[in-house]
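Visitor: Dock chain B against chain A, hints included.
Those protein sequences? They're chains A and B, same order as listed.
Residue numbers for the first sequence follow my numbering, beginning at 5 and rising by one.
Residue numbers for the second sequence follow my numbering, beginning at 5 and rising by one.
Which copy? The list can't say, so a pair holds if one copy fits it or any two copies do.
In silico SDA-like links for lysine to any residue, alpha-carbon gap of 25 Å or less:
1) K301 <-> Q251
2) K333 <-> Y348
3) K273 <-> I293
4) K333 <-> S323
5) K301 <-> F260
Hints in this document: simulated from the structure, not taken from any laboratory.
Next come the chains, spelled out residue by residue.
Number of protein chains: 2
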Amino acid sequence: MAPPDPLIVIPRDYFFGAENDGLALESGRELGPVTIRYETYGNLDQKRRNAVLLLHAFSGDAHAAGYHDPEETHPGWWDSMIGPGKAFDTDRYYVICSNVLGGCRGSTGPGSTDPHTGEPYGLTFPVVTMEDMVNAQHKLISHLGIDRLLAVAGGSMGGMQALQWSVSYPNDVAGVIVLASTARLSAQGIAFNAVGRNAIMSDPLWNGGDYYGSAPPDRGLSIARMIGHITYLSDGAMHERFGRRLQERADFGFDFHDQFEVESYLEHKGGTFVDRFDANTYIYLSKAIDYFDLCGKYGGLEAAFSNCSSKFLVVSFTSDWLYPSYQSKEIVVALMRRDRDVSYVEIDCPFGHDSFLLETERQGPMISSFLGTVYADVQTKR
Amino acid sequence: MAPPDPLIVIPRDYFFGAENDGLALESGRELGPVTIRYETYGNLDQKRRNAVLLLHAFSGDAHAAGYHDPEETHPGWWDSMIGPGKAFDTDRYYVICSNVLGGCRGSTGPGSTDPHTGEPYGLTFPVVTMEDMVNAQHKLISHLGIDRLLAVAGGSMGGMQALQWSVSYPNDVAGVIVLASTARLSAQGIAFNAVGRNAIMSDPLWNGGDYYGSAPPDRGLSIARMIGHITYLSDGAMHERFGRRLQERADFGFDFHDQFEVESYLEHKGGTFVDRFDANTYIYLSKAIDYFDLCGKYGGLEAAFSNCSSKFLVVSFTSDWLYPSYQSKEIVVALMRRDRDVSYVEIDCPFGHDSFLLETERQGPMISSFLGTVYADVQTKR
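Same shape as in the complex, but just chain A (with noise of 0.2 Å):
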């Protein structure tokens, strides 16, 4: 049997906020115009009860599922579990994913044109927090028609999202999926991501994160990256991986030439991820990522969950030392002491982190399963 014809998709984009309907956000600052980059799969149902919001991580994009022409070489972020009978089912579900606000993969975001002067925004831009995010969604949402999410489902940053969205939004969202995530950035979390941000502003062409127009921060970014590329990881992923074998050699050169292959794996990804991000965007992101805290913002993580109706499905994987199950289970039994329904699984997997990108076989029913449950629910409710 041939391959089925690789899914074709066009990003659209959201505009809003031209008028004097900008975005209010957390830090009492306006923004707008605001433009959201997102992407759909699927169809939604006459009722609109078929709407899932997936969230994407710190590095992700709208673009999770499928190919934006038949010449990519690569599909979205998350194919593996977007399509016809996959975890996300489209012949089911109508999916939605959208470059969050402060992003720089056609949101607005620090890149973007301040239409009050004509210039980049860089280091004007207002700082923006996974409420802000999450506002933003939503306003696409009500544009898309849609009142009531089936789902929202993201892992890591994502996850956080999700977790907001049940906070916020808690009659506007059925199921909340969080995958690999915390309710709290650990101190842990904060002094990567402030290594990451030094590194990037130690860069002199950063230039106060005015470099639009010239060549930008690459090294910096590059070096941020390599960090937080570690911390996706796992020391025996990587053990298994990379072991200590040699870049391209048998022996030591005694020289700074030679290289191990994890070293050379790391500079890779980190030289070509300054292809596609915006270094001001991962200095943004990850502020926000260090802000988000759900139990000192609303007193208390079941205080938090006070309003929630959602059913929740919570994961976390057995090698993320980032975002550890302890960390997990912290929202777990904030919901469980609230009475919510909530699935909890620890998933032994040893890609650390990455594990909810990369890990289908365990995660997909579970996904699969939780959205079916949560979909029979909607469909007696009303």
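Guide: Okay, now just chain B, sitting in the frame of chain A:
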């Protein structure tokens, strides 16, 4: 009772290799002249059987205990463990600590003057290995009139040197104390070191390693240190110490001036580090750590230990994720398979990799007892 007078220590220099007696390096190159900065505490006994060589970690130096002058605010790096009645009891033992070859704290390293050019070596300094460092230490010990050490002891990179001593000079060391260390650096460890080196080398002031006499690459070195520092602590220790508290403010400022305490702490640590450490030494020592692999070098760890006759004490810490306990256990298992005399303790301690520097309550008596046993052995056998 008044506190005892502080121990005032005078650092000394051992100088060799000015004639045709330089150090033959593992790379095949020869290095000379060489200065080794060292300090000693306590007295060598008449039979010269009570000498203990301490081996410092990555950022340590020869100044392990006491004060250089009464005005010094902090004592040497392991003062809590060295002195009359302490773990390394200077009433019984003659304790020696030297700055490693390649260092920047008195011993010859990349910042030293190359006698052939009259200029600092910079990156023309040869790549040195753990074995080279140990060979230089062996020359120092001979110079001090000691043909057999009672013990070598070190944590982290110091533990690597201790292991290398037991392999390179199996007959010259009776006891080997290895704390929070490994027989080979992991892929994850190489990755962190590589990013640190990248941060330094990306600083324009690094200038290919040729910055002596001008402004040094402080930003790059500071970032490297921040990365390292995170790996020396633990998630739990950082949570306990800093949590999510902001530095000198109660609420988010929604700008990039506000900082969490942990950010501020790391920047402070990075900023003070550059005053006492040379960026090129960071590059050279991290490379020596990357290269360290007793398994690869000798065809397996058991083979590496084939000629060892020393007694071993191996200690690891539960919260050390840089050199986790499983890496210490690999050493212990290999020694046991060789029927060597080895004691192993895993200490439940929350401070991460730095535990070996901070924990004295349980380490102290263990080291004291181990040294006592080895000392009794040595007295009997000779």
